[in-house]
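A.B. asks: Each chain, written out:
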Amino acid sequence: MEIIITTLINGLSLGGIYAMIALGYTMVYGIAKMLNFAHGDIIMVGAYTIMVTLGISGNPIIATIAAVIFCIILGVCVEKVAYKPLRGASPLAVLITAIGVSYLLQSLAQIAFGTAPKNVSVGNMGTIALGSVKIQGYTIFTLVCTVVVMTALTLFIKYTKLGKAMLAVSEDRGAAQLMGVNVNGIITVTFAIGSGLAALAGLCTLMKAPLLSNTFGSMPGIKAFTAAVIGGIGSIPGAMLGGILLGVVESCCNKISVIAPYTDAIEFGILIVILLIRPTGFLGKKRREKV
Amino acid sequence: MIKSFFKTGRFRHYLNYLIIVVLLVVFSVMSLSGGMKSSSQYLLEKIAISMILAVSLSILVGFLGELSLGHAGFMCVGAYLGGKVSVLLSSLLGEGIVNLIISLIVGGICAAVCGIIVGLPALRLKGDYLAIVTLAFGEIVKSLFLNSSDASFGGALGLKTPRFDRNTLFIIAFILVLITLAVIQNVLASRHGRAVTAIRDSEIAARATGINVTEYKLLIFAMSAFFAGIAGVLFSFSNQNIQATKFGFNYSIEILVMVVLGGMGSINGSLIAAALITFLNVKLATVLTGNMAVLQNLIYALVLIIIVIYNNAPFLAAFREKYTLHNLWTKLFGHRAEHRRDDEKSWARIPTKINMDELLSVDTTPEDNRAVRLDGDKPDAPSASDKERSK
Amino acid sequence: MAEEKYVLETKHLGIRFGGLKAANDVNIRIRKNQIYGLIGPNGAGKTTIFNMVTGVYTPTEGEIYLDGERIDGLTQETINHKGIARTFQNIRLFNNMTVVRNVMVGLHNKSEYKTGLFTTIFRLPKHFRVEHEMREEAKRLLALFGLEEERNELASNLPYGKQRKLEIARALATGPKLLLLDEPAAGMNPQETDELTETIRRVRDEFDMTILLIEHDMSLVSGICDEVTVLNFGTTLAQGNVSDALSDPEVIRAYLGDDN
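Chains as they are written, first to last, in numbering that gives the first Met the number 0: chain A, 0 to 290; chain B, 0 to 390; chain C, 0 to 259.
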């Protein structure tokens, strides 16, 4: 019984990390209509920033703030330099460029920090005992983080002018532009929010798995992307749903020793099956091609 | 007879074969007379493998217009299954050419079956979604072979495969390049290829014109995977040890870089890019050691970004028009611009110039709330002409 | 009347998108060699009917018969093979292919031009023979539409009017019994429209064709259509010969609004 509860809670917190990353994917897809393949590597950059600033200041909070700011700047720069020139070009061209950016960030990180993985400790949060169930502190932290972020984001989109403008752009970019929405500005804001979330996700991932290398963000990135697609890309609740689903599945699979090595295969298998049954994911909008 | 052959431009169709054959003969003579280092032979094997991979991906991305991010997965299937067959056969048939041929066929067919399986979602999914399915496929294949038992596929340690005579393996590899080229070019430059390009240009119109879209999509997926599988089997013979981790996402991207660098939809471009990148890979690996090895990836990344932006950025369109290779050629050598190619004479011409806008037909127009527009009536255009006429 | 043969017959044809009935109880009967018009205001469901007849949408109600054979629910390809070809409202050519190749794609499924993969991979003599014959046939078709000069141009480089003609030529290449034209005159000037009218008549006469067309240009409709069906909000307002249908008070109200 305890195992089941801890597994579920671990799954939820892992799912929270995925959901935070998936939000970045899904918002960018919804608004800029592109797959930002480099999103996973922003996580890695965030984690490295935490490592460096932690070394200088010794304060995890300052380090996190620094990482969020740095990632926002990086995300916006990447958008301006690599993606903006391709606005209006084919999705394939943008996708390939994003893959290039992902490669670029990984190799830059390797040049700066070397190949050997670094062990980064972001302060120990201890364990919390609920009756006989022992839960790691970072798990709770991640869960709280996720809930706060999700709530804030939902409120932001629902009640602020900027949030409504983002919705408008994702519905119909042309119409939004005609109504006086600054589409380029909105896209920049989207990348900023996504990258900031990626930095937070970097912090949470670092607490869970403290070995930092230049491919630190790749797997969580791909998984989170899977989550975004499962939930229905472009949909914010979809990203949360997909992330949490994937996190729980992964955590459960890892607990069963027979299928543990195949966890990745199972997760991607789920993705394929869901895409075949519901090509637009759980909460994605169905689009009909006009004839 | 020969003159007309050159005049009509038919020789263009055979030019790439000719160049490969000439180079192959030169290298074969060098190799068989003992004048070639084994490292050079290894390099040639790698180049041939890359060429097959690049051409096979090129038909998927450039001609069918579907992006595959899991091409290394097909290669992986070919390498493991073909490699396993060759291990099993080596006690029966030895490690000779018969063994190689049987393994090639088995590896290729197994990969083609996977190609059809991945192609099935392609009938429903498009663009980004399909790219993700191929990515997932690649990761699944990698994971399955990585976790296989030691007795079956060697698990994490990898599968040991028979070695093949170094002096001749690259020759066989290049002959396979020629076969790949012949099959792919002949299919593309025929009514079947025309149907495929029609699907790429407009799937809806192709269906309405009676083209069996399902059949042709699966055909191209199967063909592409088949040759990737063949490349995988060659890889297993060349390396004698195959590890699943090698066939990850990064390898798929490397193949994609070749195709993009060579120019989408250009078979010859893919060949040249494959040779160039593989050559640089091997050479750079000896020059850039340790932490510097990463510079290689850095260069790829930059090349990829710059080429794609240069080729596709809307604001560079005028610049591109002005400074094409063709214009440069005319300027340097003073040739009169080649007059329009006659479609009738260049019978085998594959339409290679692809407008990337049409490559991926992801429909990004949001579904209309006003459902009356579902029937496709443009909201204002016809009514304007209506008013005009009624006057 | 009951035993009369129709090339196309729809019985109580209808389709729903969610709660919306885009077409309801549409009964169209087209006799051989007729030019039949489908008219109505924007959003009346005309293209939806086309899409159901060609298999893009599966009707939720009713049946469609081609020469007495039921075709609703079949795939687009199969319906094309059975003998229905169409053009599109917003022209859909194979833009990166030359004009002649566009038509050759249309000839793809003619039985005399079928060659297998084996033949093309090994370049057997049959491959070259068939390619040559297809090209000649395509050129013959292009000549009928005055496009033989442009045959080596990319389809996207053609002027608008010629693109429309090329689309018709491509549709004809598939050897249909019934040709569906979706707003063939849209965006054309009066002179081009006259030319088009002539072309459509010629197609009917030379190919012994039956034609169903959607059109907004009433002069074209009354000029060439033998019969029309007027649709509004997915339902039939009037049916029959052109002048009767157009003078129907319901039709006038649909076009001009309630005030009149």
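For the record, the hints were derived by calculation from the structure and aren't laboratory data. Just to be clear, a hint being listed does not mean it is correct.
Said to hold, decoys possible - 35 Å max Cα-Cα, derived DSBU-like pairs, lysine-lysine:
| id | chain 1 | residue 1 | chain 2 | residue 2 |
| --- | --- | --- | --- | --- |
| 1 | C | 81 | C | 20 |
| 2 | B | 321 | A | 32 |
| 3 | C | 113 | C | 4 |
| 4 | A | 254 | B | 321 |
| 5 | A | 157 | C | 176 |
| 6 | B | 321 | A | 79 |
| 7 | C | 176 | C | 109 |
| 8 | B | 321 | A | 117 |
A.B. asks: Hint by hint, note whether the structure agrees.
C.D. replies: Cross-check of the supplied hints:
{"no.": "1", "hint": "C:81 with C:20", "result": "holds, 28 Å"}
{"no.": "2", "hint": "B:321 with A:32", "result": "holds, 30 Å"}
{"no.": "3", "hint": "C:113 with C:4", "result": "holds, 31 Å"}
{"no.": "4", "hint": "A:254 with B:321", "result": "violated, 61 Å"}
{"no.": "5", "hint": "A:157 with C:176", "result": "violated, 55 Å"}
{"no.": "6", "hint": "B:321 with A:79", "result": "holds, 25 Å"}
{"no.": "7", "hint": "C:176 with C:109", "result": "holds, 14 Å"}
{"no.": "8", "hint": "B:321 with A:117", "result": "violated, 50 Å"}
The earlier numbered hints that this structure contradicts are 4, 5, 8.
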